[in-house]
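Chains as they are written, first to last, in our numbering: chain A, 1 to 88; chain B, 1 to 273.
Hints are computed from structural coordinates only; laboratory data are not their basis. One or more of the hints may lead you astray.
Below, simulated DMTMM-like cross-link-like pairs (lysine to aspartate or glutamate); rule was C-alpha separation at most 25 Å, straight line [claimed, not checked]:
id	chain 1	residue 1	chain 2	residue 2
1	A	K39	B	D76
2	B	K29	A	E80
3	B	K91	A	D58
4	B	K83	B	D122
5	B	K142	B	D122
6	B	K50	A	D58
7	A	K39	B	D51
8	B	K83	A	D35
9	B	K29	A	E15
10	B	K83	A	E80
11	B	K29	A	E12
12	B	K176	A	E80
13	A	K39	A	D58
14	B	K176	A	E12
15	B	K83	B	D95
16	A	K39	B	D122
17	B	K29	A	E49
18	B	K29	A	D58
19	B	K91	A	E80
20	B	K176	A	E49
21	B	K29	A	E86
22	B	K204	A	E12
23	A	K39	B	E77
24	A	K39	B	D28
25	B	K37	A	E15
26	B	K204	A	D58
27	B	K37	A	D58
28	B	K29	B	D17
29	B	K83	A	E12
30	B	K50	A	E15
31	B	K91	A	D35
32	B	K91	A	E49
33	B	K50	A	D50
34	B	K204	A	E80
35	B	K29	A	D35
36	B	K91	A	D50
One-sided and incomplete, this derived list gives chain A residues near chain B with beta-carbon spacing under 10 Å [as the list claims (entries may be wrong)]:
id	residue
37	Q14
38	A16
39	A30
The C-beta atom is built at its ideal place from N, Cα and C for all residues, glycine as well.
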Amino acid sequence: MMLRALSTVITEMQEAMLPFAAAHDCGADAVYLHDAYLKLPLDFCLIFEDGQAQLLADVPRSLSDSHWHSTASTLAITLEPLAVQELV
Amino acid sequence: MSAKLPVGVQDMGVPFDVFIQALTLQLDKAQASMAIKARVGRLPLTFAVKDVTLDLRAFVRVVNDDIWVRPAGPGDEHASSIKLSLTTVTKPMIDENAVNFETQAPQFTHKEGLTEHFSESDQRALELIGVHNIEQLQDLRKAAGADVVARLARMPVNRLQQAMLSASAPRVTSVKHLPTQGDAPPLARVGLRVAGLRPGLGGKLPIARVQGQALEVQEQEDDQWVLHPLVSQLGQEAELEFEDGQRATVLLNDGSLGQWQQDSTPTQNGRPT
Numbered sequence: 001m002m003l004r005a006l007s008t009v010i011t012e013m014q015e016a017m018l019p020f021a022a023a024h025d026c027g028a029d030a031v032y033l034h035d036a037y038l039k040l041p042l043d044f045c046l047i048f049e050d051g052q053a054q055l056l057a058d059v060p061r062s063l064s065d066s067h068w069h070s071t072a073s074t075l076a077i078t079l080e081p082l083a084v085q086e087l088v
Numbered sequence: 001m002s003a004k005l006p007v008g009v010q011d012m013g014v015p016f017d018v019f020i021q022a023l024t025l026q027l028d029k030a031q032a033s034m035a036i037k038a039r040v041g042r043l044p045l046t047f048a049v050k051d052v053t054l055d056l057r058a059f060v061r062v063v064n065d066d067i068w069v070r071p072a073g074p075g076d077e078h079a080s081s082i083k084l085s086l087t088t089v090t091k092p093m094i095d096e097n098a099v100n101f102e103t104q105a106p107q108f109t110h111k112e113g114l115t116e117h118f119s120e121s122d123q124r125a126l127e128l129i130g131v132h133n134i135e136q137l138q139d140l141r142k143a144a145g146a147d148v149v150a151r152l153a154r155m156p157v158n159r160l161q162q163a164m165l166s167a168s169a170p171r172v173t174s175v176k177h178l179p180t181q182g183d184a185p186p187l188a189r190v191g192l193r194v195a196g197l198r199p200g201l202g203g204k205l206p207i208a209r210v211q212g213q214a215l216e217v218q219e220q221e222d223d224q225w226v227l228h229p230l231v232s233q234l235g236q237e238a239e240l241e242f243e244d245g246q247r248a249t250v251l252l253n254d255g256s257l258g259q260w261q262q263d264s265t266p267t268q269n270g271r272p273t
């Protein structure tokens, strides 16, 4: 399985949530998404690149891809709406 | 594991702190990338990572008192479970908890303080433990001890102490000629700084001599002492004696770095012993 940088995987998750951020920002809806909690099985590996360790990861494309893992690693991530000016 | 890894690394993994750095680097990259996209897209609001919990299946071993971690790969059984929880720091949190940083003398910043005495890899190792200049190194050494700093930075203690000894030597930060007054011989104003010693905290003034002739020493607010040698004494070697008995010599030239005297009394003050 081809693994990608963990940041790429997380960025994809964040981008999937952007429409909800836009809806939240409009304020038209009475109900909006407060936060999103995702818990995913991930394959991890480390490589050395640019003089440092890089963490690669990705979700298994299908269960059959990861049947050799007796217990897979998991990443739980909470995403919540945040004003852009509050980001560091 | 990736085919890019040498066999030894595939077997051993990486030190735990290196793994944590690799993880936080990826999270920072993701957050930065998302912030850039939101700013470019002029979005006032975005979905940011608030918390991350990682349950990593990995093999753990201890090598020379360091914990090494290797993520479990396909076919690996009986891996250990490492749980890590991370949270995001936002700008309001930083503003709330920020401390006022002391201004650094431009002549004694990271570039001139560490680069002259530590190799690039040693500087990087020190940066990873939060040390960016000699003052921070001195403070950490005083709080934790040189052996702890050396262990954290993964460098031999004697190399660390030798480099600190050189880096903490007195340094001439400025040389200015003063206007002459009447028939008095022309005087100069020489700024002197010693890493780890902070004038202005009530310490005794050092004694300075050039060829046995005492120089006037004043205390400055910007962490420096000021010597007033004759212009004709510039370029000569000044002998300095500090409150704790440590002695050093330094040439009265702009940017000159002095040397501690080997036979001076060991001290528990800011300098290495």
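Each hint, compared with the structure:
no., hint, in the structure
1, A:K39 to B:D76, "holds, 22 Å"
2, B:K29 to A:E80, "holds, 18 Å"
3, B:K91 to A:D58, "violated, 30 Å"
4, B:K83 to B:D122, "violated, 30 Å"
5, B:K142 to B:D122, "holds, 19 Å"
6, B:K50 to A:D58, "holds, 20 Å"
7, A:K39 to B:D51, "holds, 12 Å"
8, B:K83 to A:D35, "holds, 22 Å"
9, B:K29 to A:E15, "holds, 14 Å"
10, B:K83 to A:E80, "holds, 22 Å"
11, B:K29 to A:E12, "holds, 12 Å"
12, B:K176 to A:E80, "violated, 58 Å"
13, A:K39 to A:D58, "holds, 13 Å"
14, B:K176 to A:E12, "violated, 59 Å"
15, B:K83 to B:D95, "violated, 29 Å"
16, A:K39 to B:D122, "violated, 39 Å"
17, B:K29 to A:E49, "holds, 15 Å"
18, B:K29 to A:D58, "holds, 16 Å"
19, B:K91 to A:E80, "holds, 15 Å"
20, B:K176 to A:E49, "violated, 49 Å"
21, B:K29 to A:E86, "holds, 16 Å"
22, B:K204 to A:E12, "violated, 61 Å"
23, A:K39 to B:E77, "holds, 22 Å"
24, A:K39 to B:D28, "holds, 19 Å"
25, B:K37 to A:E15, "holds, 9 Å"
26, B:K204 to A:D58, "violated, 62 Å"
27, B:K37 to A:D58, "holds, 22 Å"
28, B:K29 to B:D17, "holds, 18 Å"
29, B:K83 to A:E12, "holds, 23 Å"
30, B:K50 to A:E15, "holds, 15 Å"
31, B:K91 to A:D35, "holds, 19 Å"
32, B:K91 to A:E49, "violated, 30 Å"
33, B:K50 to A:D50, "violated, 28 Å"
34, B:K204 to A:E80, "violated, 56 Å"
35, B:K29 to A:D35, "holds, 21 Å"
36, B:K91 to A:D50, "violated, 29 Å"
37, Q14, "holds, 5 Å"
38, A16, "holds, 9 Å"
39, A30, "violated, 17 Å"
When held up to the earlier numbered hints, the structure conflicts with 3, 4, 12, 14, 15, 16, 20, 22, 26, 32, 33, 34, 36, 39 and fits the remainder.
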